[in-house]
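Let the sequences and hints guide you as you build the complete structure.
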Amino acid sequence: MARYILRRLAIAIPTLFIIVSISFFLMRVAPGGPFSRERPLDPTVLANIERAYHLSDPLFLQYLRYLGNLLRGDLGPSFVFRDFTVQDLFRTGLPASIQLGAWALLISVVLGVVLGVIAALYQNRTVDYAVIGTAAIGITIPSFVVAPVLSLVIGVWLDWLPTGGWGQGAWQYKVLPIATLALPQVAIIARLTRGSMIEALRSNHVRTARAYGLPTRSVVVVHSLRGAILPVVSYLGPAAAGLVTGSVVVEEIFTVPGIGRYFVQAALGRDYTLVMGTVVVIAVFILLFNLVVDLLYALIDPRIRYD
Amino acid sequence: MAFWSTFSRREDTRLGRAAAGRSLWKDAWARLRANYAAMASAAFLVLLILACVFGPAVAPHDYRQQFQDYTKVPASLTPYPEAGSEAAALAEALGDVEIVDYGFAPLAEDAVPEGTPPTESPVGRITLHLSGSGIDRSLAESVSALPRFADAALTETAADGRSGTLTADVLEPDIILDSLNRALRRARVDLVNYAVAGDRITIDVASARTVDPRIAEFVARSDLFENATSMIAPDGMSAAISADIVSELFLFGTDTNGRDLLARTLVAGRISLTIGLLASVVALVLGIGYGAVAGYFGGRTDMLMMRVVDILYSLPFIFFVILLIVFFGRSVVLMFVAVGAVEWLDMARIVRGQTLAIKRHEYVEAAQALGVGTGGILRRHVVPNLLGTVVVYVTLVVPKVILLESFLSFLSLGVNEPLTSWGVLISEGSRNLQGAPWLLVFPTLFLVATLFALNFVGDGLRDALDPKDR
Numbered sequence: 000m001a002r003y004i005l006r007r008l009a010i011a012i013p014t015l016f017i018i019v020s021i022s023f024f025l026m027r028v029a030p031g032g033p034f035s036r037e038r039p040l041d042p043t044v045l046a047n048i049e050r051a052y053h054l055s056d057p058l059f060l061q062y063l064r065y066l067g068n069l070l071r072g073d074l075g076p077s078f079v080f081r082d083f084t085v086q087d088l089f090r091t092g093l094p095a096s097i098q099l100g101a102w103a104l105l106i107s108v109v110l111g112v113v114l115g116v117i118a119a120l121y122q123n124r125t126v127d128y129a130v131i132g133t134a135a136i137g138i139t140i141p142s143f144v145v146a147p148v149l150s151l152v153i154g155v156w157l158d159w160l161p162t163g164g165w166g167q168g169a170w171q172y173k174v175l176p177i178a179t180l181a182l183p184q185v186a187i188i189a190r191l192t193r194g195s196m197i198e199a200l201r202s203n204h205v206r207t208a209r210a211y212g213l214p215t216r217s218v219v220v221v222h223s224l225r226g227a228i229l230p231v232v233s234y235l236g237p238a239a240a241g242l243v244t245g246s247v248v249v250e251e252i253f254t255v256p257g258i259g260r261y262f263v264q265a266a267l268g269r270d271y272t273l274v275m276g277t278v279v280v281i282a283v284f285i286l287l288f289n290l291v292v293d294l295l296y297a298l299i300d301p302r303i304r305y306d
Numbered sequence: 000m001a002f003w004s005t006f007s008r009r010e011d012t013r014l015g016r017a018a019a020g021r022s023l024w025k026d027a028w029a030r031l032r033a034n035y036a037a038m039a040s041a042a043f044l045v046l047l048i049l050a051c052v053f054g055p056a057v058a059p060h061d062y063r064q065q066f067q068d069y070t071k072v073p074a075s076l077t078p079y080p081e082a083g084s085e086a087a088a089l090a091e092a093l094g095d096v097e098i099v100d101y102g103f104a105p106l107a108e109d110a111v112p113e114g115t116p117p118t119e120s121p122v123g124r125i126t127l128h129l130s131g132s133g134i135d136r137s138l139a140e141s142v143s144a145l146p147r148f149a150d151a152a153l154t155e156t157a158a159d160g161r162s163g164t165l166t167a168d169v170l171e172p173d174i175i176l177d178s179l180n181r182a183l184r185r186a187r188v189d190l191v192n193y194a195v196a197g198d199r200i201t202i203d204v205a206s207a208r209t210v211d212p213r214i215a216e217f218v219a220r221s222d223l224f225e226n227a228t229s230m231i232a233p234d235g236m237s238a239a240i241s242a243d244i245v246s247e248l249f250l251f252g253t254d255t256n257g258r259d260l261l262a263r264t265l266v267a268g269r270i271s272l273t274i275g276l277l278a279s280v281v282a283l284v285l286g287i288g289y290g291a292v293a294g295y296f297g298g299r300t301d302m303l304m305m306r307v308v309d310i311l312y313s314l315p316f317i318f319f320v321i322l323l324i325v326f327f328g329r330s331v332v333l334m335f336v337a338v339g340a341v342e343w344l345d346m347a348r349i350v351r352g353q354t355l356a357i358k359r360h361e362y363v364e365a366a367q368a369l370g371v372g373t374g375g376i377l378r379r380h381v382v383p384n385l386l387g388t389v390v391v392y393v394t395l396v397v398p399k400v401i402l403l404e405s406f407l408s409f410l411s412l413g414v415n416e417p418l419t420s421w422g423v424l425i426s427e428g429s430r431n432l433q434g435a436p437w438l439l440v441f442p443t444l445f446l447v448a449t450l451f452a453l454n455f456v457g458d459g460l461r462d463a464l465d466p467k468d469r
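Quick note, the sequences are listed as chains A and B, same order.
First residue of the first sequence? That's 0 in numbering that gives the first Met the number 0, and the numbers climb one at a time after it.
First residue of the second sequence? That's 0 in numbering that gives the first Met the number 0, and the numbers climb one at a time after it.
Keep in mind the hints are simulated off the structure, nothing from the lab.
Note that beta-carbon positions come from the ideal geometry of N, C-alpha and C, so glycine has one too.
Each hint should be verified, as a subset may be incorrect.
Just the calculated beta-carbon pair ranges, DEER-fashion [claimed, not checked]:
no., chain 1, residue 1, chain 2, residue 2, range
1, B, Asp234, A, Pro39, 57 to 67 Å
2, A, Pro30, B, Arg63, 26 to 36 Å
3, A, Leu66, B, Phe327, 42 to 52 Å
4, B, Arg181, A, Val113, 51 to 61 Å
Just a few of them, taken from the derived set where beta-carbon distance is under 10 Å, the chain B residues facing chain A [claimed, not checked]:
no., residue
5, Phe409
6, Leu412
7, Gln433
Covered by chain B, per the in silico footprint, the following chain A stretches (three or more residues, Cβ under 8 Å) [what the hints assert, rightly or not]:
no., segment
8, 139–150
9, 168–177
10, 182–190
11, 251–265
What follows is the structure, given as structure tokens:
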């Protein structure tokens, strides 16, 4: 196991290196810079600013310097949000994004699995059709439609919850973003669970367990769900990536000060360091998460050995 | 013996039927035809594609045409301005009684008693000439009950009750009064009254100074009126204008710039579907090429190529697409290249797996023994046998791509105005959700219906082509 983790980390580092390199050069090929304005700056002023940020150095030297700083954990100063370093911005932005993402993931797994199991137990009955139908709707209606509709209905018409902002992290501000983020994932997980659960309920060992007269709860939870949950676990990797993508839209609509929102602003404003920082942080997050998912997989299914 | 003979005869007929020949594709087609949801979805998609391709040419308005007098008008089955006029609201309350013509006189501003709340102060008084049966006092009551009218009274009734005159206070300006006011303000004259009979409007205006002789042109410039002619009084201080009322049909309403949402939704569908299809083709070509080569060569090549896919897989790709589009400008071509480049990874993995299985078949070995080259085997044997899997996957990629495109458009990284896509329309709609919900409803309905249909077709194809997977 330890060897497997080490090997995965050994692959993760070059992956990260490639990601950093691609995004670094991709960004620099693009026209425009962080200090280009509609009314151009005075050339001397521009030259001074660029010198201060080492932007006038040869590109490769900048690249090496960035890599060096990155190794020391220094993500550099933000170009668009003046007087802030990228770390400063992440210190405020990351907790918001992570909270939303973690809650959404937790809710979607719990709710999705429960709904999926119920649908499978009542296959081809009203409950089942209700779950499948809702899931189909949840998957096809994009989050950028769900979010404004939720904020209009619950935020404006019913006036139960605030329509946007963060409010120092009060729970009222998190409900709608989390609901929007979780909805498509709940739908997908419910569908996955239902499919594998139906298969598991028909399998020989479950029939045997039933024949032994084991209580239904133990048949469902211990004997069926344990095998049926594997596809859900392997979906968690893509689910996390989906939450990251979704949070860009959700943070934009609900004006949550998270890193997804920073990213779009940073890309539009050519904020080189902030864009790089976001890409690095998210890549690290996804790599780590995939590793955890793989290990979890082995934990649930003892037949899988990583040696 | 008898038993065996029946058995073998049955076997014979079965063989005979098999000899008639049912290819795998024919078989799949029969299974697909039996799946009503998939067939209905496919029919819907065909209709939708036809509507998006030919619809904008047939639609009453061009998707770029702006109607300044019709900004954000709600969806309506009756043409404007009739749909938004006071007469239409009244016609509903009057039931069978017909409005022959009507006149409207604005209330002079100083006539409103001070302190009246603006919602309760009438903008003017409307006079209707009615014809029909059963004209009596109850009509005035039902008119007064309408939210936009007050103080209705039946001033004249014919003895037989078949014609009459009704007057009422109007609390809110309608679309005709609004655009008339706008046109007349530009001409610097005041509205005295106007009368509408059928498609013809007659407007009396007055002015403190001499009336501009081009007054008819000012009126005709509005989207509501055309063929305006004017008669200026000898003293030049007042005039009568008559004009045709143009009716415009906005089935889906109009957007914030007064553009027909029906035409825009159809044009947007063109773009969304095109991007969906083209990006899927990009993903298809890249994925099949890459996956087939990796799977067929196997060994070290396979491992290296799949490691590259693994690494690309863990990239936060959406960020790269955003970067690409932000940095290299928004263009339709870049959009589908970028999206296609994201979606090919899954395809490559699936194709590789299939290829690994296919290359062990005897016919591949036979081809190798016959000396067919690698490229030939890939083209002639491997790729055709992949098609079933690939077709299924493509129908599932298209909705993903359409969704991704809408997502980018939502972040205003989509196609440029005046071109539009469903994502662009939805993003506009969500910004105007409170005042103009139809701006969100129609594009969303189209998008969601398309995604639904594509998913049904995809599931149906999978069941048809891969029955063991059911």
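Problem - Assessment of proposed distance window 42 to 52 Å (beta carbons of Leu66(A), Phe327(B)) - result: 25 Å, violated
Handout entry: Supplied distance hint 51 to 61 Å, evaluated on CB atoms of Arg181(B) and Val113(A)
Key = Roughly 58 Å apart at Cβ, these two residues keep to the hinted range, so it holds.
Problem - Agreement of hint Gln433(B) with chain A interface, Cβ distance less than 10 Å - result: 6 Å, holds
Problem - Distance restraint evaluation - Asp234(B), Pro39(A), Cβ atoms, bounds 57 to 67 Å - result: About 60 Å separates the Cβ atoms of Asp234(B) and Pro39(A), which means 57 to 67 Å holds.
Problem - Coverage of the segment 251–265 of chain A by chain B (three or more Cβ within 8 Å) - result: holds (count 4)
Practice task
Examine the segment 139–150 of chain A for residues whose CB is less than 8 Å from any CB of chain B, and state whether their number is three or more.
Solution key: holds (count 8)
Problem - Hinted contact Leu412(B) with chain A - closest CB pair below 10 Å - result: 8 Å, holds
Problem - Stated coverage of the segment 182–190 of chain A by chain B [criterion: 3+ residues, CB within 8 Å] - result: violated (count 0)
Practice task
Check, residue by residue, whether the segment 168–177 of chain A contains three or more positions whose beta-carbon lies closer than 8 Å to a beta-carbon of chain B, and give the verdict.
Solution key: violated (count 0)
Problem - Hint check: 10 Å Cβ-Cβ cutoff, Phe409(B) to chain A - result: Interface hint status for Phe409(B): holds (4 Å vs cutoff 10 Å).
Handout entry: Pairwise beta carbon distance, Pro30(A) to Arg63(B), judged against the given window 26 to 36 Å
Key = 28 Å, holds
Hint violations for this structure: numbers 3, 9, 10, all remaining hints satisfied.
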